[in-house]
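*Asks:* Here is how the chains run, residue by residue.
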Amino acid sequence: MNGKPLVYLDNAATSQKPDYVLNAMDEYYRNKNANVHRGIHKLGEEATIAYEEARGKVARFVGARHAEEIIFVRNATEGLNLIAMTWGRANIKKDNKIVLTIMEHHSNIVPWQLLAKETGAQIEFIEIDGEGALREDQIRNKIDTSTKLVSITHASNVLGTINAVDKIATEAHRVGALFAVDAAQSVPHMPVNVKEIDCDFLAFSGHKMLGPTGIGVVYGKKRLLEDMPPFLGGGEMIREVHTHEATWKDPPYKFEAGTPNAAGAVGLSAATEYLSRIGMKHIHDYERELTAYALEKISKVGGIVTFGPKDPTRRVGVITFNLGDIHAHDLATILDEEGIAIRSGHHCAQPLMEYLDVPATSRASFYLYNTKEEVDALVSALEKARMLFNL
Amino acid sequence: MSSDIYKDIILDYYRHPRNFGDLPEPDVRSKDSNPLCGDVIEMQLKIRDGRIDDLRFKGRGCAISQASASMLTELAKGKSLDEIKALDKVDVLNMLGIDPGPTRIKCALLGLKVIKLGVYGYLGQSITDDVKQLV
Numbered sequence: 001m002n003g004k005p006l007v008y009l010d011n012a013a014t015s016q017k018p019d020y021v022l023n024a025m026d027e028y029y030r031n032k033n034a035n036v037h038r039g040i041h042k043l044g045e046e047a048t049i050a051y052e053e054a055r056g057k058v059a060r061f062v063g064a065r066h067a068e069e070i071i072f073v074r075n076a077t078e079g080l081n082l083i084a085m086t087w088g089r090a091n092i093k094k095d096n097k098i099v100l101t102i103m104e105h106h107s108n109i110v111p112w113q114l115l116a117k118e119t120g121a122q123i124e125f126i127e128i129d130g131e132g133a134l135r136e137d138q139i140r141n142k143i144d145t146s147t148k149l150v151s152i153t154h155a156s157n158v159l160g161t162i163n164a165v166d167k168i169a170t171e172a173h174r175v176g177a178l179f180a181v182d183a184a185q186s187v188p189h190m191p192v193n194v195k196e197i198d199c200d201f202l203a204f205s206g207h208k209m210l211g212p213t214g215i216g217v218v219y220g221k222k223r224l225l226e227d228m229p230p231f232l233g234g235g236e237m238i239r240e241v242h243t244h245e246a247t248w249k250d251p252p253y254k255f256e257a258g259t260p261n262a263a264g265a266v267g268l269s270a271a272t273e274y275l276s277r278i279g280m281k282h283i284h285d286y287e288r289e290l291t292a293y294a295l296e297k298i299s300k301v302g303g304i305v306t307f308g309p310k311d312p313t314r315r316v317g318v319i320t321f322n323l324g325d326i327h328a329h330d331l332a333t334i335l336d337e338e339g340i341a342i343r344s345g346h347h348c349a350q351p352l353m354e355y356l357d358v359p360a361t362s363r364a365s366f367y368l369y370n371t372k373e374e375v376d377a378l379v380s381a382l383e384k385a386r387m388l389f390n391l
Numbered sequence: 001m002s003s004d005i006y007k008d009i010i011l012d013y014y015r016h017p018r019n020f021g022d023l024p025e026p027d028v029r030s031k032d033s034n035p036l037c038g039d040v041i042e043m044q045l046k047i048r049d050g051r052i053d054d055l056r057f058k059g060r061g062c063a064i065s066q067a068s069a070s071m072l073t074e075l076a077k078g079k080s081l082d083e084i085k086a087l088d089k090v091d092v093l094n095m096l097g098i099d100p101g102p103t104r105i106k107c108a109l110l111g112l113k114v115i116k117l118g119v120y121g122y123l124g125q126s127i128t129d130d131v132k133q134l135v
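Chains A and B, in that order, are what the protein sequence lines are.
Heads up: the first sequence begins at 1 in the numbering used here, then just goes up one per residue.
Heads up: the second sequence begins at 1 in the numbering used here, then just goes up one per residue.
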């Protein structure tokens, strides 16, 4: 990249893809491609088996009790919108409260804003302390009896903070609210088990976990999914259609209108196999060690300010920082010239940026294939930026 | 594109912006942002006899966007409104003396867009597509 070896440190945005995943999708398209759940022919049957096996593998990967609790969508964003537009529209009423946190990605804010506009519901935000952890007093106080839903990110895409979602689930259930988890930054990097968290919904994207773009997942507890209205209307999701009415299939199909992204599901399931073979615990430990190393090295660069927990055991491999008065975009340009890809800007978390009172930040985010040498390359490039800007 | 774009002159305008702040009674104010990165520029113009008599800018963002806007205020002062309408990308690149490359060119052009928005607004004319497409 720009004459230098690529150092890809933008994994919180999207990950690279191993051959294992690419081959699985290639194999699907070459040998099993047909429309799922339709053809009587043999090929249609094979495609359907591949698609449903993928669902089963993804269900096991996140510890779901039933494969039917896994709905395939495009990405975590669509998953959170699905929850808002189906469960939300049916259950959220005027003056009900939806509790979010100030560290949410736009995808876990805007769907609820749209729902609140429609229903007259209220949204409240749990704030963070100086180290980027959710304030426990606010978790207790803001989740009250008027709360119908608590929706929280498992791991922040800016601060890296890992939130104690199992405890927050307990708080939500204590007042009779449901609990949804945006797991886009956790499922790729650490063991996640929906039963242990006891969440009601959980959403994540395939492309951040070695899988292809255009495939994501919503997990929902079976009894909830059964009572929820459908999402989009069309083929695949119906039981019977007459001129003026229709009935729906059971979950997950009533939420999957139209020809699904079967090759994407196959790719995602291959990614879960690949990750499981290495072991999610192992991946989490490796990234934690890399993050600890990076935090220590980066903190020594003169003029650097980092955000989020100082304790590497409380975070995922996301390090957000600013360097002197160098704007994040200028820094990204300088690093790019060294072949280092980082993210700069508001990271789709403008409310958090406003809360931290920074217009923009730079972010390095790691995955299982990153190395300490790459962290060293990042640090050298930061030193070069300091020189260019006479810091 | 290279880090040569961070020449001393760019850094100087970034850290010590000329014509930064507010005018007492501007004839027109205009403001725009780059949705991709959140850079913001506001321009305030004082217009006399069809010319830019005085102007100030405010904003926040990267070195390229802020330096470019500041340098543009110096370039624009005294120019006729028609001359401002005729300024284009090439004029800005010549003024900066650098080529920021395809991903950063919009940073360099934000100031130009905002001053044009001000001029079109003052004249009560609708904004042309080439102005809209600057950033």
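Be careful, since some hints might not be right.
Away from chain A, derived, C-beta distances all over 10 Å, residues of chain B [said to hold, decoys possible]: (1) Leu11; (2) Asp22; (3) Pro26; (4) Arg56; (5) Thr103.
Derived lysine-lysine pairs resembling BS3-like cross-links, with alpha carbons at most 25 Å apart [to be verified]: (6) B:Lys7 <-> A:Lys4; (7) A:Lys249 <-> A:Lys222; (8) B:Lys77 <-> B:Lys89; (9) A:Lys384 <-> B:Lys7; (10) A:Lys17 <-> A:Lys57; (11) A:Lys57 <-> A:Lys42.
By construction, these hints were calculated from the structure, which means they are not laboratory data.
Predicted model only: the values in this text are computed from it and were never measured.
For each residue, glycine too, the CB sits at the ideal point set by N, CA and C.
*Asks:* Within a Cα-Cα threshold of 25 Å, do Lys57 of chain A and Lys42 of chain A meet the stated pairing?
*Replies:* 22 Å, holds
*Asks:* Run the distance test for Lys384 of chain A versus Lys7 of chain B: straight-line Cα separation, threshold 25 Å.
*Replies:* 14 Å, holds
*Asks:* Check the hint pairing Lys249 of chain A with Lys222 of chain A against an upper bound of 25 Å on the C-alpha distance.
*Replies:* The hint holds at about 14 Å.
*Asks:* In terms of Cβ atoms, is chain A entirely out of 10 Å range of Pro26 of chain B?
*Replies:* 24 Å, holds
*Asks:* Run the distance test for Lys77 of chain B versus Lys89 of chain B: straight-line Cα separation, threshold 25 Å.
*Replies:* 18 Å, holds
*Asks:* Are the Cα atoms of Lys17 of chain A and Lys57 of chain A separated by 25 Å or less?
*Replies:* With a Cα-Cα distance of about 18 Å, the restraint between Lys17 of chain A and Lys57 of chain A holds, given a limit of 25 Å.
*Asks:* Grab the minimum beta-carbon distance between Asp22 of chain B and chain A and tell me whether it stays above 10 Å.
*Replies:* Holds, since 20 Å exceeds 10 Å.
*Asks:* Given the hint that Lys7 of chain B pairs with Lys4 of chain A, test it: the Cα-Cα distance must not exceed 25 Å.
*Replies:* Distance of about 22 Å is within 25 Å: holds.
*Asks:* Just want to verify: Arg56 of chain B was marked as not at the interface with chain A; is every Cβ pair farther apart than 10 Å?
*Replies:* Holds: least Cβ distance 20 Å, greater than 10 Å.
*Asks:* Minimum Cβ separation between Thr103 of chain B and chain A greater than 10 Å?
*Replies:* 8 Å, violated
*Asks:* Does Leu11 of chain B clear chain A by more than 10 Å, comparing its Cβ with all Cβ atoms of that chain?
*Replies:* 6 Å, violated
Taken one by one, the earlier hints fail for this structure at numbers 1, 5, listed in ascending order.
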